[in-house]
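Chemist: Here the protein sequences come in this chain order: A and B.
Residue 1 is where the first sequence starts when you use UniProt numbering, and the numbers rise one by one after that.
Residue 1 is where the second sequence starts when you use UniProt numbering, and the numbers rise one by one after that.
Be aware that a few hints might be false.
To be verified - Derived, one-sided and incomplete: chain A residues facing chain B with beta-carbon distance under 10 Å:
(1) GLY167
(2) GLY174
(3) ILE197
(4) LEU225
(5) ALA262
(6) VAL266
(7) GLN298
(8) GLY301
(9) PHE335
(10) MET365
Since the hints were derived computationally from the structure, they do not count as laboratory data.
Keep in mind that this is a model prediction, so the values were computed, not measured.
Where is the CB? At the ideal position from N, CA and C, for every residue including glycine.
There are 2 protein chains.
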Amino acid sequence: MKRYRNGEIWDFEHEVAVASNRQVILGLDGGTTSTVCICMPIMPFSDTLPDPLPVLARAVAGCSNHNSVGETAARETLEQVMADALSKSGSNRSAVRAVCLAVSGVNHPTDEQRILTWLRDIFPSHVKLYVRNDAVAALASGTMGKLHGCVLIAGTGTIAYGFTEDGREARAAGAGPVLGDWGSGYGIAALALTAVIRAHDGRGPHTMLESTILQTLGLSSADELIGKFIFSSLTVSETSQKWFGSVTKWTYADPSWARIAALVPVVVSCAEAGDEVANKILKEAVQELALSVKAVVQRLGLCGEDEKNSFPLVMVGGVLEANQRWDIGREVMDFISKDYPGALPIRPKVEPAVGAALLAWNDLMKECLQEAYRS
Amino acid sequence: MKRYRNGEIWDFEHEVAVASNRQVILGLDGGTTSTVCICMPIMPFSDTLPDPLPVLARAVAGCSNHNSVGETAARETLEQVMADALSKSGSNRSAVRAVCLAVSGVNHPTDEQRILTWLRDIFPSHVKLYVRNDAVAALASGTMGKLHGCVLIAGTGTIAYGFTEDGREARAAGAGPVLGDWGSGYGIAALALTAVIRAHDGRGPHTMLESTILQTLGLSSADELIGKFIFSSLTVSETSQKWFGSVTKWTYADPSWARIAALVPVVVSCAEAGDEVANKILKEAVQELALSVKAVVQRLGLCGEDEKNSFPLVMVGGVLEANQRWDIGREVMDFISKDYPGALPIRPKVEPAVGAALLAWNDLMKECLQEAYRS
């Protein structure tokens, strides 16, 4: 992506001939691999949204990872992707009514406040600004902007996030790999790798996962999985092993969780071929994922007192989308339905950045209606 | 530690008046937090070793972590600690008969070869050089240099390593935190942290661990444990959370496994106070640790055909040494004894660097005897 020098990001605004007085909303989904910004027009009040949704422009920027590109570049990437979306849609900042930036890790009002302060520097004061956790945008991408129900995300990581119609919220899991996100793609794959090591050193039963995973990774022995962090109470190996070179070891060679999570399809194929160990790993993952949803539903009382009320259950992420014979998403849904027959599964048809835009639109409409009632 | 410029490390050799023609052995235990070198005199042939062992000098250097200090400095640290030990003992390199460098992560002949090549540059060609996995030095620290039996190390990480008298070897676990070292200090503490999160978000039962761990860490809520790597299929939070500052989160703030493992005593105290969750975590850890030993014993046939042969079982590491009412080491031993009544528990009285020196001494004696027989 072309990088503008500071201050030049918004230069296009002097050149663009703004088509009309059409007002727009920006929805952003900010991640490490890519950053997406959607520009939508303000839609008229209505009970049903137009289908397809009128998306004016979609801009994608690369990594906005502060660790990779530094803080200045990360902020610039987000600012740039908003400018790109506006420029592509033939708009400029004066047309913007609301911005919703959905980023994971927003769990505290302090997180929200820092981002809001920075966004406030870019947009005029009448622009409504919303900063939400990315899980909220995922829920909105399934409910078309309405904050009601529960979303279950199971990709590399996993989180369940829920809202009641009166604005209470709750979450479960989403605590990362160390803290028991056991149904995540990472969790499933890490258990599969562990099963390979345990079969190899005699602690666990033989499993088809051993040959299949080693073949997938192009390794000749389970020893090669063992990383440079082999540690004991006495010494820590990363020093010596890194220092003295040594064979390339797979597991810890690249600490990216996603790289490990990418092994999930291998686990599914072994389970489909009848491997007991792989089947057990997937069954436990299903229970873990269902448990996260149940914890949220229970705490919020989404199912009502008789546990039969209906509520949307938005399901997203690679682990739930695998459309294979061993269908993790369907199994999770079956588990949840037993306790909460009112859970209505939804697979979002739009991406989270659109969910973010719809969140902003929904809130904006509510405020407008309230103002209309007051006046 | 004072750093010498290249080549000056061995300058002391010109100044030291070598006391006698006494020959010495160096034993090294190289780690990330510290590096220990022991200088011992060659002891006479004997069935029993002198008690206490005649240690001429002990030198300690700081971190030899290549990641922290760079490759050149890491090598220099090891070279320096050997020079210090020799200098303190009033010896120089011409007095050295053998060097044993014990470093974890030495799992392949290629690892060994790289280190040997570098050691060969420092010492004259008649000096015997041995490079071993640190677990082997731990075993030798319990068996006084004899490679027979099994060692179980359970500190931050865990590994079981065994040798038969005819030189076969086997290991189990030691694969690091991702690959199922579940009985390690890190494993125990990670499960305790997970239990706190699960109690907090409604996925798990209430546990005393919640208040105790939060109090120990000076945190006000379990939310503060959740780190900056909260991830989903949609976006990865480390970017945004790091970038926008946010509350200090504990778990991922410092990726050191040892920092997490330091919570083991808290888990033990909760278990002693009757907490079910903490008790379950420790009981499972005991089974895991016992399983590692059993896997090694089984593969090597250390227990003989009737499973009653006696063999040394060396137990080291903070997890096994906790001398509390809930004694993990004793429980592990009880578990192992049920299957292998011949397992003889040993708590080493000397440190691994001494174990390394004894390994070198033992091998040296064997070679001398063989030469004596041949001539």
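Chemist: Next step is simple, just say for each hint if it's right about the structure.
Modeler: Do the hints match the structure? See the list:
no. : hint   : verdict
1   : GLY167 : violated (19 Å)
2   : GLY174 : holds (5 Å)
3   : ILE197 : holds (5 Å)
4   : LEU225 : holds (7 Å)
5   : ALA262 : violated (12 Å)
6   : VAL266 : violated (16 Å)
7   : GLN298 : holds (6 Å)
8   : GLY301 : violated (12 Å)
9   : PHE335 : violated (14 Å)
10  : MET365 : violated (24 Å)
Figure legend: structure checked against the earlier numbered hints; hints not met, in rising order: 1, 5, 6, 8, 9, 10.
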